[in-house]
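Asker: Quick mapping for you: the protein sequence lines, in order, are chains R and H. Each residue of the first sequence is one higher than the one before, counting from 0 in numbering that gives the first Met the number 0. Each residue of the second sequence is one higher than the one before, counting from 0 in numbering that gives the first Met the number 0.
Derived by calculation from the structure, the hints in this document are not laboratory data. Glycine included, every Cβ here is placed at the ideal spot set by N, Cα and C. Hints are supplied without guarantee of correctness; some may be wrong.
Over 10 Å on every C-beta distance to chain R, these chain H residues come out as not near it, computed from the model [claimed, not checked]:
no.	residue
1	Trp-33
2	Phe-55
3	Asp-75
4	Asn-192
5	Arg-201
6	Gly-245
7	Val-302
8	Gly-357
9	Leu-444
10	Trp-471
11	Arg-587
To be clear about the criterion: a stretch of chain R counts as covered by chain H if any three or more of its residues have a C-beta under 8 Å from a C-beta of chain H, and this derived list gives those stretches [to be verified]:
no.	region
12	57 to 64
13	74 to 88
14	122 to 128
15	189 to 199
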Amino acid sequence: MSDSVIADTIKDAVDIVKDHADDVHDHDVHAGDVAAGHDDHGAHGGHHSSLGLSNTKLAMWLFLGSECLLFGGLISTYMLYRNRHSANLGPDQLWDIPFTSASSFVLLTSSLTMVLAVSAATRGDLRRTKIFLTVTALLGGLFVAGQIYEFTTFYREGLGFTTSLFSSSFFTLTGFHGVHVSVGIVMLIALVGMLSRDKVAGDNAETVEMVGLYWHFVDIVWIIIFTLVYLIPA
Amino acid sequence: MAIIERPVDVPVAPTPTATTNFGYLRRPVETTGWRSWAFTVDHKKIGIMYGVAAMFFFLVGGVEAFLIRLQLASADGTVLSADKYNQMFTMHATTMVFLFVMPMAAAFANYFIPLQVGARDVAFPRLNALSLWVFIFGGVFLNTSWFLGGAADGGWFMYAPNSSVPFSPSNGVDFWALGLQITGIASLVGAINLIVTVLNMRAPGMSMMRMPIFTWMAFVVQMLLLFAIPVITVALFLLMFQRSYGATFFSVEAGADPLLWQHLFWIFGHPEVYILVLPSFGIISEVLPVFSRKPLFGYPFVVFSGAAIGFVGWGVWAHHMFASGLGPVSVAVFSVATMAIAVPTGVKIINWTLTIWGGKLWFTTAMLFSVGLIVQFTIGGLSGVTHAVAPSDTQQTDTYYIVAHFHYVIFGGAVLGLFAGFYYWWPKVFGKMLSETWGKWNFWLMIIGMNMTFGPMHILGLQGQPRRMYTWTDYRAGEGFFNGAFWNMFATIGTAVLTVGILCFLINVWITHRPGSATPVAPEDPWDARSLEWMSTSPPKPHNYDRTPIVHDLDEFFHRKYEDIGEGEEHNYVRRATGAEVIAEEERNADAHIHLPAPSYWPIVLAAALPIMAYGVIYNTLLIVAGAGVAVMAMFGWALEPADADPSDFDPPPTDPATGTELANV
Chain R
0 MSDSVIADTI KDAVDIVKDH ADDVHDHDVH AGDVAAGHDD HGAHGGHHSS LGLSNTKLAM
60 WLFLGSECLL FGGLISTYML YRNRHSANLG PDQLWDIPFT SASSFVLLTS SLTMVLAVSA
120 ATRGDLRRTK IFLTVTALLG GLFVAGQIYE FTTFYREGLG FTTSLFSSSF FTLTGFHGVH
180 VSVGIVMLIA LVGMLSRDKV AGDNAETVEM VGLYWHFVDI VWIIIFTLVY LIPA
Chain H
0 MAIIERPVDV PVAPTPTATT NFGYLRRPVE TTGWRSWAFT VDHKKIGIMY GVAAMFFFLV
60 GGVEAFLIRL QLASADGTVL SADKYNQMFT MHATTMVFLF VMPMAAAFAN YFIPLQVGAR
120 DVAFPRLNAL SLWVFIFGGV FLNTSWFLGG AADGGWFMYA PNSSVPFSPS NGVDFWALGL
180 QITGIASLVG AINLIVTVLN MRAPGMSMMR MPIFTWMAFV VQMLLLFAIP VITVALFLLM
240 FQRSYGATFF SVEAGADPLL WQHLFWIFGH PEVYILVLPS FGIISEVLPV FSRKPLFGYP
300 FVVFSGAAIG FVGWGVWAHH MFASGLGPVS VAVFSVATMA IAVPTGVKII NWTLTIWGGK
360 LWFTTAMLFS VGLIVQFTIG GLSGVTHAVA PSDTQQTDTY YIVAHFHYVI FGGAVLGLFA
420 GFYYWWPKVF GKMLSETWGK WNFWLMIIGM NMTFGPMHIL GLQGQPRRMY TWTDYRAGEG
480 FFNGAFWNMF ATIGTAVLTV GILCFLINVW ITHRPGSATP VAPEDPWDAR SLEWMSTSPP
540 KPHNYDRTPI VHDLDEFFHR KYEDIGEGEE HNYVRRATGA EVIAEEERNA DAHIHLPAPS
600 YWPIVLAAAL PIMAYGVIYN TLLIVAGAGV AVMAMFGWAL EPADADPSDF DPPPTDPATG
660 TELANV
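Go ahead and model the full structure; you've got the sequences and the hints to work with.
Answerer: Structure follows, in structure tokens:
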């Protein structure tokens, strides 16, 4: 990253905090406009969106609501089984909290770059949008790499998928999360490619925001997983 | 690009051009033949295909039911082996719940929600096509297990340890777990799509409290699906990992807790029963007012009791588990919650009764089915309340009494409501009326048949006949009125009557639509109906409404036909127009330049990838990779393809005065 990009990044971050209320407000008006504009020449002739919220955004929120229950079920399963393991292969022996804290920090940082990407997209700054999306994807990739390293370490220490109920539920929960992050990375990379070739069907800013919503959700789930699985002693 | 034809002043005739789609495939342009169905994104065609597929699975599930009853007709039955019998009742329930009632409700929801809220289509037409094909491929995948070593045999709720490999060594349970994951995707995608449609695509003036009641109930159902499907998905994934990849989530010998499965299943499973029955409640709440010549009594109460069921339905799941030793506190809490949820259901029954009360009743077949639902469902509801009493439930658990109960609520509730919907909306969907004569045979044989089949099951169950016993012996059959041999035979004869009743429906469809049928085209408004969907032509045009309706009232269509000349609090409605006149008025004021979403190959391609991956889980990991490859390709094709056809396709085509019609590219 060049110095100017970093300087702009800081400026963006300050602007976001300063104009938070305006930003949210502008943004909502914008989404409503998109829906109305879409209707004029688009699929649903003559309709205005009844809620003033675009269909896509509403659908994404509903999907994320549904995902909450998915992770809720997986987390419940883990909490039920987290003490069912042999004496020497439990969380106390395996967890490397500093390492996982670092990879958690990487993932949370990617949420910041995602916000910056959405902000740039809203301003119509295509170049920075693509840069921040790429950085987000790289940080996400770093997190997944950390997870692969962690899984490998556990496996070398004797913790396979079927070793105990604890291991099965741990790998299932964190594996599901890892797949979600990976899907997000594919979406980010695809989005950068599609933005470069101007192949995004629909509004650029809104599409970036949708991927952003998904990305933030996956990050929030990780905060819960990190707290419940790693930080709270069994 | 769907092409619609409508008369306008300036005649033009375009040639539709296939737009290339980024080097993958040209967009489908066919408006006739199988391609116009396979690649369609029209919610009406999708709704019809949902209905046809669900009806097919209904017949499959019906054959399975008949075999079960033949096996149990007399002592020491030999029709089925014990193993085949287990597969039969498992697949009967799975088919009826997941492949008949849910998709048939989805058929109605797909077809009528956009019409009832005054929209041109659902919010995401391609996702709608995806739901359909995922459901169809998932259902077919599930049923291929019959030919690949045997179907699932653990009962429809697939309790551990029956679901584990030692107790169910065939691949049946694998097919079951994967098949339901696939159909779950269909339900989830459909739920998101329809919720967005209801919330966001309403016509001007269509506030939530002016929405037709079927749309309201279907909306509650989609909310339930949205949150229930992920829970069963977790359970099915855990089961898949246990069976295919060696995990031990439900193996007691490995220290696991088998109640985990029961909780996950029923947290999904109890909302599921409302998912099954609420669409039918919505349908009869449309039918009863029309054939009573009165508005629905207490519309807000019906809406909010439906919503209340949607909430309280999440708090009663453990009443399916009273026999599992939950402890007194849990049992007491869930017992009380279960009694509480009977209240909003009772509210609905009172509303329906008061809708009929004092009305000018018109007993068409649709009305008969609706009244039949009220009666039969109430019987099932009352036996349901006996389950809420935990000590009584402990006696009834896993007996035929339970079988009697849920058939009264699901057959007497959900299925009768769906049949009411068939007769009520058939002229709307197909432009022809089903025969009332055959319809009445259909209704009476079904009602008599279902009571003969399921009524005796109360007696058999209280006498102690277990729910899933594959055979019974004469010396334990009991005596006199409670003789199990007599009632088992009686129930089987009832099944035959029921089957004839359903055949009457199929015959009815055939005589209405067979080539050269004398059935005339249905009038536009055959029932003098009330809600918005009747303000479109029958069958509706691809774009639904010529003019986007502006809604002023609940029962909009009724208020356009009738004027209130009463004074003050008095209402006196006088007919001002016929339905056909209202529709003609809309046609005269048609909107120009209606654009509809274009057909697409990608939904069906993406849907086809899922069973490939599922076969891969069972047979060969390479297939998973292949299926995933197809899925990723389809997703990118989908993302790169605009929802609408290329704008150049909309350019004004050359004028041809000879045709006198505009082929609007929509």
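Asker: A separate judgement is required for each hint: does it hold in the structure or not?
Answerer: Results of checking the hints against the structure:
1. Trp-33: holds, 24 Å
2. Phe-55: Fine: 29 Å to the nearest Cβ keeps Phe-55 (chain H) off the interface.
3. Asp-75: holds, 43 Å
4. Asn-192: Non-interface label fails for Asn-192 (chain H): nearest chain R Cβ at 7 Å, not farther than 10 Å.
5. Arg-201: violated, 4 Å
6. Gly-245: violated, 4 Å
7. Val-302: Answer for Val-302 (chain H): holds, closest chain R Cβ roughly 17 Å.
8. Gly-357: holds, 36 Å
9. Leu-444: Non-interface label stands for Leu-444 (chain H): nearest chain R Cβ at 41 Å, farther than 10 Å.
10. Trp-471: The claim holds: Trp-471 (chain H) sits with its nearest Cβ about 39 Å from chain R, beyond 10 Å.
11. Arg-587: holds, 17 Å
12. 57 to 64: Contact hint for the region 57 to 64 of chain R vs chain H: holds, 5 residues under 8 Å.
13. 74 to 88: holds (count 4)
14. 122 to 128: It is violated, with 0 qualifying residues against the three required.
15. 189 to 199: holds (count 3)
The structure fails hints 4, 5, 6 and 14 (numbered hints given earlier, in ascending order).
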